[in-house]
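In terms of UniProt numbering, the sequence shown opens at residue 1 and continues consecutively.
To be clear, the hints were calculated from the coordinates, so they are not data collected in a lab.
The C-beta atom is built at its ideal place from N, Cα and C for all residues, glycine as well.
Mixed in with the good hints there might be a few duds.
[To be verified] Here are the simulated distance ranges between beta carbons: (1) 145 <-> 191: 16 to 22 angstroms; (2) 199 <-> 226: 34 to 40 angstroms; (3) 173 <-> 124: 35 to 41 angstroms; (4) 126 <-> 173: 39 to 45 angstroms; (5) 180 <-> 228: 17 to 23 angstroms.
[What the hints assert, rightly or not] 16 angstroms max Cα-Cα, derived EDC-like pairs, lysine to aspartate or glutamate: (6) 75 <-> 119; (7) 75 <-> 117; (8) 214 <-> 166; (9) 214 <-> 259; (10) 214 <-> 226; (11) 60 <-> 97; (12) 88 <-> 117.
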Amino acid sequence: MKGIIIYIATFVSVTVLAGCSSYPEEGRGGMAESHISADFSPVMPDEPLGPEHGLRFDWKLAQLHLDSLIREGAKWCFPAAVVQAIEKQNRIARELEGGLLLDAANDLVIQRKRLNELELQLDYVTSQTHCSPPASQSQLNLQLAVIDQLFEILNVDNQFAFDSIEINPKYMGHLAKAANILLEHNTLKLSVTGHADARGDEQHNQTLAMGRAKQVKRYLTIFGLEPSRISTHSLGAELPLFEGNTDGVMLTNRRVSIEVISTQDHAVTQSQGGFYE
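Make a model of the complete structure from these sequences and hints.
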């Protein structure tokens, strides 16, 4: 496809404390994240070279990649995926602004993986058909606002205890809230990927992570969703949200990551290298 961004692998040595994490400031979440802070720049010419320069360079590459996918039609073929990629890009910008370099480095790994998958999907779809803007832009904006809200509700910290598939009570409330929204928007589906922390062997972590994904699916169906609207996957201990072995990092990495999928997108299922139900 035109405008392919060639990624340059940059090795960055990060010396910040492991386990630091960042969250959207009050009032900065939701669709407001579609606009990157005007005072954020990937260029810092007056400062000594350090790991943040490499990370900002990687952020700029990811932004160029996302921009090129949008120009190629991803905004119309996969609007749900694009709005979630924009959210992730803005989160990384805030992490870099706040000096949370380890968080930014891990989120960049996840973002590059998502953009590469989106590029493969877009290449396939655009070889078969042409994606056009919707007849009703206001209807699309409403759907994207709902997708943004669901993404924020479902992807929060403190979901599971150590070596357990049982859902923490607070996260159970998040699932109930999301289910109520999804019952009103039947064109939306969920892709639930289970994760485990770094303790335990590979097979155990794969099984544990899948158990967490299936447990989330179980409760969402109890709250009224059709099982066919929820797919479950497992990545075990691969692709942790944060690196490190502190209790806080381990707790955050025991999770499910959930993507919202619109059936009105020209969706194509792509393997992510994990186990699928």
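Starting from the range 34 to 40 angstroms, see whether the pair residue 199 and residue 226 falls in it by beta-carbon distance.
holds, 35 angstroms
Supplied distance hint 17 to 23 angstroms, evaluated on CB atoms of residue 180 and residue 228:
Holds - the Cβ-Cβ distance for residue 180 and residue 228, about 19 angstroms, lies within 17 to 23 angstroms.
Would you mind confirming whether the straight-line C-alpha gap from residue 214 to residue 226 stays at or under 16 angstroms?
holds, 14 angstroms
Given pair status - residue 259, residue 214, alpha carbons within 16 angstroms
It holds: about 15 angstroms lies between the C-alpha atoms, which stays within 16 angstroms.
CB of residue 145 to CB of residue 191, is that within 16 to 22 angstroms?
Holds, since residue 145 and residue 191 (Cβ atoms, about 20 angstroms apart) stay within the stated range.
Hint consistency between residue 60 and residue 97 [alpha-carbon to alpha-carbon, up to 16 angstroms]:
Distance of about 14 angstroms is within 16 angstroms: holds.
Starting from the hint 35 to 41 angstroms, judge whether the C-beta atoms of residue 173 and residue 124 obey it.
holds, 38 angstroms
Range agreement (Cβ of residue 173 with Cβ of residue 126, hint 39 to 45 angstroms):
Roughly 41 angstroms apart at Cβ, these two residues keep to the hinted range, so it holds.
Between the alpha carbons of residue 214 and residue 166, is the straight-line distance 16 angstroms or under?
Cα-Cα ~11 angstroms, so holds.
So if I understand the rule, the pair passes when the alpha-carbon distance is 16 angstroms or less; does residue 75 with residue 119 pass?
holds, 12 angstroms
Is residue 88 within 16 angstroms of residue 117, Cα to Cα?
Measuring from Cα to Cα gives roughly 15 angstroms; hence the hint holds.
Hinted pair, alpha-carbon criterion (16 angstroms max): residue 75, residue 117. Please report holds or violated.
holds, 15 angstroms
In summary, this structure violates none of the numbered hints.
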